[in-house]
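S.K.: These are the residues of each chain, in order.
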Amino acid sequence: MTDMPKIRLRDLYKVFGPNDAAMMAHVRAGMGKEALLAEHGHVLGLQDINVDMQAGEITVVMGLSGSGKSTLIRHLNRLIEPTAGEILLDGENVMELSQDALREARRTKMSMVFQKFALLPHRTVLQNTATALQVQGADKATQEAEASKWLERVGLKGYEQRYPSQLSGGMQQRVGIARALTAGTDIMLMDEAFSALDPLIRTDMQDLLLELQVELQKTIVFITHDLDEALKLADHLVILKDGAIVQQGEPQHILLNPSDPYIEEFVSDINRARVLRVRSVMGPMTDEGFAGDVEADQTLEQLIARSGGDTSHCYRVVEDGVPVGVLDMKDLVKALVPRVSSAETSVK
Amino acid sequence: MAFYDGVFDALGLREWCDANAESAPMSMADLLAQAGGADAEASGEVFPFPSLDNLNESCDRIGQTRDFTANIEDGFLAIKDGLKIVLDPLTQPLSWMLDGALWLFTTTPWWIIVPLLIALTHLVARSIGVTLFVAFSFLFLGAIDHLDVALQTLSIIFVCTSLSVLLGVPLGIAMSRSNTFQRMMVPLLDLLQTLPTFVYLIPLIFLFSVTESKLYGIAIILYAIVPVIRLTDLGIRLVDKDVIEAADAFGMTKQQKLWNVQLPLALPNIMAGVNQTIMMSLAMVVIASLVSAPGLGVLVLRGIRNLELGVGIVAGIGIVLLAVVLDRTSKAALSRIDKNHKVH
Ligand SMILES: Nc1ncnc2c1ncn2[C@@H]1O[C@H](COP(=O)(O)OP(=O)(O)OP(=O)(O)O)[C@@H](O)[C@H]1O
Ligand SMILES: [Mg+2]
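These protein sequences, in sequence, are chains A and B.
Under this note's numbering, the first residue of the first sequence is numbered 1, with each subsequent residue one higher.
Under this note's numbering, the first residue of the second sequence is numbered 1, with each subsequent residue one higher.
Isolated chain A, as found in the complex (with noise of 0.2 Å):
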């Protein structure tokens, strides 16, 4: 690892209670989280946290509800105090800022999409997009014509002066996701900004997102209890699981490798040809006769349509025109199988 890591989270704990301090002796000795309830009336929100995000990718983190992932996004623009660990944003460490230079940070550093939306609802929409520049003092003509161009830009043009309580679920998200941009952050923290809406606006919402983050290239962290949409916008996905990380890693990877049961029962419900890509399953090069060249970047389900459900081939794996591996159709089928089964079937 060359690069500093945009954010990184260094052994972050948070223990929610009155004498929180005096908790993590506990802790550090290996309480869970019930025990350190039923024993000392204190929840353990997150412990023993180490992640390194990096700049312009998009970190989900995952989890059911109650494991700790509204925690673990307020740490990073301290809406929430640790109770222990480092916080380094950009290589500084946002647990030593004073109060108004945390103001600072959070105003020019990071912006924040809420599960709920949150906008002002007596503020007209184009008003609430303008929060971060009103906050910060800029004129009036700055505010509105920067907030206009991202609300055209999320496909809002048009309802700049209609109230929030006028628009759809997925619209007001819109002006949350267009109120965040706004700010001009390279961080942008997303709450379960998409789970309050329907599933086809939410596909709607993804897409936007992957649509900005190409020409963007934001450092996204993304909250979300979905494993579908955690595969289809993560880079690096982070797997909580009552306070603790379980595994963490690229995307692809955790859903062929499963290192802990509690994953593999997550993943085994995921329909894997459409999520996985023929770069994660291909072979290395060999001299073999293809059938044929396929992008790496192509889901199974793509490949399986083109073969026509034949098996017996193998093609070719290219990234940019430049050959990089071999995809057998046999691994991919395999592939198709969560691992459990598959482990079952290599013991006999």
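FYI, nobody ran anything at the bench for these hints, they're computed from the structure.
It is possible that part of the hints are untrue.
Claimed, not checked - SDA-like cross-link-like pairs, simulated, lysine to any residue; straight-line CA separation at most 20 Å:
1) 254(B) with 171(A)
2) 157(A) with 136(A)
3) 254(B) with 78(A)
4) 149(A) with 134(A)
The hints should help you fit chain B with the ligands onto chain A, whose structure is shown.
M.R.: Showing chain B with the ligands alone in chain A's frame:
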């Protein structure tokens, strides 16, 4: 022999009790007993309540109840001068404001003040119905020659509610920010709201002269300020946590949060408080006519004192009319704000 003699003897307090044993002034019961010529003990109860008067009979060191009452009065009179030095200059502007408003409302010709008030109503309420009703009410009050007294009452209400809002909203904000301050204020507000209004007129009469208008101004404000404080506190505490979190996440300062988020979102509640404050100052301005507040209340009082039934009833109708006018106007303003605040 008095009933409790034995108790003091048993406790060994006899000497202490009799230390300066000139006989105390007689209590009312003693006087009655003497006048009736009967033996005090024979006619007394079998087991009298150990009240100050009864204990005094056995032990002179213990004061009678009338001493207790007198002490309270003396204590109050003792601090009165000190209090006056502090309170008088502090509250003097209130007198000026009340007198000024009275002067303004009563000397401005009716054909200026009435249209102005109707225009003001239309400005805050933005409702034709309410404006028409207000216009009709003024015409009616004018027709029965009650316009001047009604305007006096209105001028007092204007001053007192404005001051209540000016003082009450900051207090409510402070309460919403500090749980300790809230815990301190709540009993005080409860007290102000539950005390019968006559009870706090008494110390006020001692403190300020009845000829000063601030006397009734203070009485009205103390009584009417409570709802606006309470509802400001409540309104701010009820502001959606997510929105507050968003304000923090975008780096708003405390001031920015207050003006951009908390006050606008609490506004419907604050306005509900203002509505109640207006109604309560109207109720109090009538009672305050006991301490020389001018207006419709004076006529009601005359009706009661002189048993002039008609005068009292007509003034009463005028008050009801004013109450409805003020209520409709402030409610219309409130619902206008509510409409802009429909939550997603
Ligand atoms: N202020 C708090 N005081 C005490 N416990 C808290 C507090 N905030 C969160 N918790 C606890 O911390 C744990 C993690 O909560 P968190 O809100 O981070 O979960 P989450 O993963 O975001 O869940 P969801 O998907 O429901 O939003 C939960 O057990 C919760 O009860
Ligand atoms: Mg959450």
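S.K.: Run every hint past the structure and note whether it holds.
M.R.: Hints, one by one, checked against the model:
1. 254(B) with 171(A): violated (29 Å)
2. 157(A) with 136(A): Status violated; Cα separation ~24 Å.
3. 254(B) with 78(A): holds (16 Å)
4. 149(A) with 134(A): holds (16 Å)
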